[in-house]
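Q: Each chain is listed here by its residues.
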Amino acid sequence: MDLMTIAGLVLGTGAVYYVLSSGGILGILFNVNAAVLVFGGVIGATLITYPWRLIKRLPGCASLILFPPRFSENNEIIEVFENVAKKARKDGISQSLLDDIPPDSFFLRAISLLIDGFDGDFIKETLFNEISCFKRRHAQISDIFKSMGAYAPIFGLLGTLIGVVQVLRNLSDPASMGVSMAIAITTTFYGIFSTNFIFLPVAGKLSVLTERESLIKQLIVEGTTSLQKGEIPSVVRKRLQSFLADSEKNSKK
Amino acid sequence: MDLMTIAGLVLGTGAVYYVLSSGGILGILFNVNAAVLVFGGVIGATLITYPWRLIKRLPGCASLILFPPRFSENNEIIEVFENVAKKARKDGISQSLLDDIPPDSFFLRAISLLIDGFDGDFIKETLFNEISCFKRRHAQISDIFKSMGAYAPIFGLLGTLIGVVQVLRNLSDPASMGVSMAIAITTTFYGIFSTNFIFLPVAGKLSVLTERESLIKQLIVEGTTSLQKGEIPSVVRKRLQSFLADSEKNSKK
Amino acid sequence: MDLMTIAGLVLGTGAVYYVLSSGGILGILFNVNAAVLVFGGVIGATLITYPWRLIKRLPGCASLILFPPRFSENNEIIEVFENVAKKARKDGISQSLLDDIPPDSFFLRAISLLIDGFDGDFIKETLFNEISCFKRRHAQISDIFKSMGAYAPIFGLLGTLIGVVQVLRNLSDPASMGVSMAIAITTTFYGIFSTNFIFLPVAGKLSVLTERESLIKQLIVEGTTSLQKGEIPSVVRKRLQSFLADSEKNSKK
Amino acid sequence: MDLMTIAGLVLGTGAVYYVLSSGGILGILFNVNAAVLVFGGVIGATLITYPWRLIKRLPGCASLILFPPRFSENNEIIEVFENVAKKARKDGISQSLLDDIPPDSFFLRAISLLIDGFDGDFIKETLFNEISCFKRRHAQISDIFKSMGAYAPIFGLLGTLIGVVQVLRNLSDPASMGVSMAIAITTTFYGIFSTNFIFLPVAGKLSVLTERESLIKQLIVEGTTSLQKGEIPSVVRKRLQSFLADSEKNSKK
Amino acid sequence: MDLMTIAGLVLGTGAVYYVLSSGGILGILFNVNAAVLVFGGVIGATLITYPWRLIKRLPGCASLILFPPRFSENNEIIEVFENVAKKARKDGISQSLLDDIPPDSFFLRAISLLIDGFDGDFIKETLFNEISCFKRRHAQISDIFKSMGAYAPIFGLLGTLIGVVQVLRNLSDPASMGVSMAIAITTTFYGIFSTNFIFLPVAGKLSVLTERESLIKQLIVEGTTSLQKGEIPSVVRKRLQSFLADSEKNSKK
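Protein chains in written order, with my numbering: chain Y, 20 to 272; chain D, 20 to 272; chain E, 20 to 272; chain C, 20 to 272; chain W, 20 to 272.
Since the hints were made in silico from the structure, they are not lab data.
Model, not experiment: these values are computed from the prediction.
Don't take every hint at face value.
Because identical chains share one entry, a pair is satisfied inside a single copy or across any pair of copies.
To be verified - Here are the simulated DMTMM-like pairs of lysine to aspartate or glutamate, each with C-alpha atoms no more than 25 angstroms apart in a straight line:
hint: 1; residue 1: K248; residue 2: D123
hint: 2; residue 1: K236; residue 2: E267
hint: 3; residue 1: K106; residue 2: D21
hint: 4; residue 1: K268; residue 2: D138
hint: 5; residue 1: K268; residue 2: D140
hint: 6; residue 1: K257; residue 2: D162
hint: 7; residue 1: K105; residue 2: E230
hint: 8; residue 1: K248; residue 2: E95
hint: 9; residue 1: K268; residue 2: D119
hint: 10; residue 1: K257; residue 2: E95
hint: 11; residue 1: K268; residue 2: E144
hint: 12; residue 1: K109; residue 2: E232
hint: 13; residue 1: K268; residue 2: E98
hint: 14; residue 1: K143; residue 2: D110
hint: 15; residue 1: K268; residue 2: D162
hint: 16; residue 1: K165; residue 2: D135
hint: 17; residue 1: K75; residue 2: E95
hint: 18; residue 1: K248; residue 2: E101
hint: 19; residue 1: K165; residue 2: E101
hint: 20; residue 1: K236; residue 2: D135
hint: 21; residue 1: K75; residue 2: E92
hint: 22; residue 1: K257; residue 2: E241
hint: 23; residue 1: K75; residue 2: E267
hint: 24; residue 1: K268; residue 2: D135
hint: 25; residue 1: K165; residue 2: D123
My request is simple: use the sequences and hints to build the entire structure.
A: Below, the structure written as structure tokens:
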């Protein structure tokens, strides 16, 4: 569970709540019409834009924000490759190398290609292809959240326009005008708030997670091709460490 | 028929309808002047920007939103290639390979190049060229919808400006002012609504469909060049599976 | 003459004219001050931004919108190459090949390189260089129109600001306020209208024309290098057809 | 001296001057507070964003707008290369080739590399590296002007906000309200005007000049490598002419 | 300590302070509610968007703005490489080369690879990989500041919307309306001010620093591979000088 995400949510909504309540207008947080318009509109436009095949994966992806996947540390992976390289030098490349691999399907697939004796080009091509397809699929999901973040404030504006028309119809009654106007503004409030606290942050965090995972996958590809060339353990480590920041490099050895 | 698109349309317009009718201002949905200005302006600007050769294809493309083309599943294509590879191993590369190919013109063309005995480079170059030209053509169409989506709110704004001028001419008559202003806002409403429920979603979905089709075409190219190199069926499958997500990979075998 | 461009212009200005005249405010279409500010500003900023060398080509380029150049059909070019390939097979590569080439300077230059006996790399490099320089030059022109489209609404806004200041100076006289305000809005109207009916559509259409011409040039390069390699006519055709959409492919043979 | 830039400046400021004076509000052009806020803000933000090393070069670069460097014509350079190629064919590659080169440091450096007998790859790599570093350095300067163009209207808006607050403090005195509001708007006027008449045009023109200079440098690299390969003068000319538009090509020979 | 950054901060805040105090509304600079909303919102949204692993590095990175790292001058590095090349020519490549290297971990790593006798491809690949990973890591940090700069004005707008609602609730009391409105505008003021004086300049300067550091690293890679090929000192210098501007080139020798 990502506690900082929770902290961010609490801090952000808390700030809004505090300001609203200190102004005595907490009520604008709850308006059925505004919610129907903004969220109905966003969901509707999203359903038209994207195929169901992608949309049905949104809830699962959104939950990654709260429960991010556990990635191996970069240093752990380098460790594994160094050990595998030592073993391979001693015993040759055999099925037993798989015993040292963490239970990651991409990692296992990479080492399997090595064990099956494919040549370096095939391994590199196949695995880089996996990475680029993986990135493309994830980018599609994060694009959907970005689209939702673009639709929401516009439906908020649409609601405000509708509210303004309503206000203009009752110009003769200034008292009710204020109330109508307040409601009108609520939709824009909903649109902006949901974009900046839900849609864009989710899209952003998914991109960061994808970036992270793709770096790990790149490490695995680089390590596997290094093994395939039969490089010695210390060279394998050197090659992989070029992906790390200086601070990480020094963290061991 | 894409039911989710229908659901999206119903949900979106329903939300707007509900909010308008609960405010008693359903009338703003129907305004001849606003429609003339926004849609006349958008169509006019589009006719100037794009050649007729492209514009005449818009209705057909827009209808793909409701009736998307049936694509083969990725796994089906891998299946086909595995079978073709087995057959080619047994009987050699001959005309009879075409019997197993689904009736897709690109697929048939790829296998024909193989049967005609062209070398790998020619096949790869020709087919990748087809894909990049195909993507460029589709991007042009989806760009037109994006342009329409950019023009519409601006013509809406133009209408609102005109309305404001009208209002300012009758400052002495506050009663009619509200009505004129309401009409003025209708054009912005039309502009925003059409952009967010028609133009941008259509452009977005066309891009997604193109992306999907281009992935399938890439699978076909990769499979054909793999056949051309005479790789064994299990390697063909391995090579193609690198395009799939893990969930799809496990779906068979 | 591009009739659809005319239709677009008529439709767009007609829509604006209709809406203005039905509101009885056709007068705002004509305002000297607004025209001086918006068009003076746009032309001034453009003269500062771009060198005269490029600006003097704008009128010629803008007229391409109404009188687009006649491009050869893709199929015609493939036809020509097939014929040339047949002739070259029969009679060898000689000066007489030029007889079958349409009077296009790029096409003639490409075939001349072939006849002069340059090797494939030199031909490919030189011609692709021509294409990329050609694209860069055209992109510069279309960028100027895009800049004008970006400047116009801002000078419109500047005019509106000036108008608002004028209005605020005469707050005591509400009658004249409406009139001044109406004039103030005219500049924004000019800015938006000229951007969306002149500058952006012209920039867009120039891009589309460039795209079209560059595809034709690419066809010519591909055909010429195919001839240089001595490929047989049916292969030349196959290679070139990979640039076409399926519908064009079937249009002959 | 670039007369068209002067014409642009005169035309643009003239248009604004005319409109302001015909409205009797020339006074808003001069407001100390607005100038302090907008230009103080822009300069401050720029000093924070960019290192002094780059900022101190801004005045020199800005003056290029009025006094653009004299570039050789493309055709002159081709001429030079053709002559050098003839001389090199007759007398071999020797120090004397430098006599025909115009006094441009990049040109001299390129020919020196040739005379020093470096191989083609070294020459190409070194010179292309010079071009890409040169482009990157110039892009940095033009980015600074773009940033200033982005900051200016926002500081204008900040000033307007401050003005609005001031106005709201004196709601009881409508007479002074108009004046304060007019001042408030002046800052936005300053922000927009300086962006569209100074910052963006300067950034734009610097990009165009860089583009022009980099094309000339590319011509020089291409010509030098052509000489290095020992190509005959007419081929050198052909190779270089592929960079020119058709109109330039025909201008000689 | 970067004095120009301090000057920028003083100039910018001084300009705002001067304008506010000359308008007698310095008070709007201090408003607890506005600060809670804008900064609470920005920090909250940032915590949701980015992982803690990146966020905890922000303060350190932001301080680089005031205390930028001391980079070697480009000419110093070329100097070092020329000396090392001379030494290597005389004594061969040995551990003693490290004595002349400045204490930069990347520089030492590069020369160590050379001394360890790795081949040119390995050195180039590993070091370029370091550079691209280094750039990617730095771009992530500068992206966070850009995101904060995008969130801040929107939370400012949110505050203004809330303020407007509050105002509309008290339409009957015009006196308090001005005060509420003034507060409402403060949040937008905070949002714009923090974006343009903190978030965007920090993001911009981090990018410039990264660019600078990456150029130095490129120089080091180029120099190391040049040494590995055994090029003579004057060629090493020539190769590296192609990265410099003409003015820097002439600064020595």
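Q: It remains to establish, for every hint, whether it holds in the given structure.
A: Evaluated hints:
1. Proximity of K248 and D123 under a CA criterion of 25 angstroms is satisfied intra-copy only: 23 angstroms inside one chain copy versus 31 angstroms between copies.
2. Proximity of K236 and E267 under a CA criterion of 25 angstroms is satisfied in both settings, with 17 angstroms inside one chain copy and 19 angstroms between copies.
3. In the homo-oligomer, the alpha carbons of K106 and D21 never lie at most 25 angstroms apart, since the shortest distance is 37 angstroms inside one protomer and 52 angstroms across protomers.
4. Taking CA atoms no more than 25 angstroms apart as the test, K268 paired with D138 passes between copies only; the shortest distance there is 22 angstroms, against 30 angstroms inside one copy.
5. In this assembly of identical chains, the alpha carbons of K268 and D140 lie at most 25 angstroms apart only when taken from different copies (22 angstroms versus 28 angstroms within one copy).
6. Neither within a single protomer nor between protomers do K257 and D162 lie at most 25 angstroms apart by alpha-carbon distance, with minima of 36 angstroms and 29 angstroms respectively.
7. Within a single copy, K105 and E230 get their C-alpha atoms no closer than 30 angstroms, and across copies no closer than 39 angstroms, so neither meets the 25 angstroms cut-off.
8. With identical chains, the CA atoms of K248 and E95 are at most 25 angstroms apart within one copy only, with a shortest distance of 22 angstroms there and 35 angstroms across copies.
9. Taking the shortest alpha-carbon separations for K268 and D119, both the intra-copy value of 22 angstroms and the inter-copy value of 24 angstroms come in at or below 25 angstroms.
10. In the homo-oligomer, the alpha carbons of K257 and E95 lie at most 25 angstroms apart inside one protomer (14 angstroms), although the nearest pairing across protomers, at 28 angstroms, exceeds that limit.
11. With identical chains, the CA atoms of K268 and E144 are at most 25 angstroms apart between copies only, with a shortest distance of 18 angstroms across copies and 28 angstroms within one.
12. Taking the shortest Cα distances, K109 and E232 never come within 25 angstroms of each other, neither inside one copy (31 angstroms) nor across copies (42 angstroms).
13. Within a single copy, K268 and E98 get their C-alpha atoms as close as 12 angstroms, which meets the 25 angstroms cut-off; across copies the closest is 29 angstroms, which misses it.
14. For the identical chains of this complex, K143 and D110 are intra-copy neighbours only, at 24 angstroms inside a copy versus 31 angstroms across copies, given an alpha-carbon limit of 25 angstroms.
15. In this homomeric assembly, K268 and D162 come within 25 angstroms of each other (Cα to Cα) only across copies, at 24 angstroms, whereas the closest approach inside a single copy is 34 angstroms.
16. In this homomeric assembly, K165 and D135 never come within 25 angstroms of each other (Cα to Cα): the closest approach is 42 angstroms inside a single copy and 47 angstroms across copies.
17. Taking the closest pair of Cα atoms, K75 and E95 come within 25 angstroms of each other only across two copies (22 angstroms); inside a single copy the shortest separation is 34 angstroms, beyond that limit.
18. In this assembly of identical chains, the alpha carbons of K248 and E101 lie at most 25 angstroms apart only when taken from the same copy (14 angstroms versus 30 angstroms across copies).
19. Taking the closest pair of Cα atoms, K165 and E101 never come within 25 angstroms of each other, the shortest separation being 40 angstroms inside a single copy and 38 angstroms across copies.
20. Taking identical chains as interchangeable, the C-alpha atoms of K236 and D135 lie at most 25 angstroms apart only when both belong to the same chain, with a minimum of 20 angstroms there against 28 angstroms between chains.
21. When the C-alpha separation of K75 and E92 is checked against a cutoff of 25 angstroms, the pair qualifies only between copies, where the shortest distance is 17 angstroms, while the shortest distance within a copy is 30 angstroms.
22. Taking the closest pair of Cα atoms, K257 and E241 come within 25 angstroms of each other both inside a single copy (11 angstroms) and across two copies (19 angstroms).
23. Taking the shortest Cα distances, K75 and E267 sit within 25 angstroms of each other only across copies (15 angstroms), while inside one copy they are farther apart (38 angstroms).
24. For the identical chains of this complex, K268 and D135 are inter-copy neighbours only, at 19 angstroms across copies versus 32 angstroms inside a copy, given an alpha-carbon limit of 25 angstroms.
25. In this assembly of identical chains, K165 and D123 lie within 25 angstroms of each other by CA distance neither inside one copy nor across copies; the values are 29 angstroms within and 34 angstroms between.
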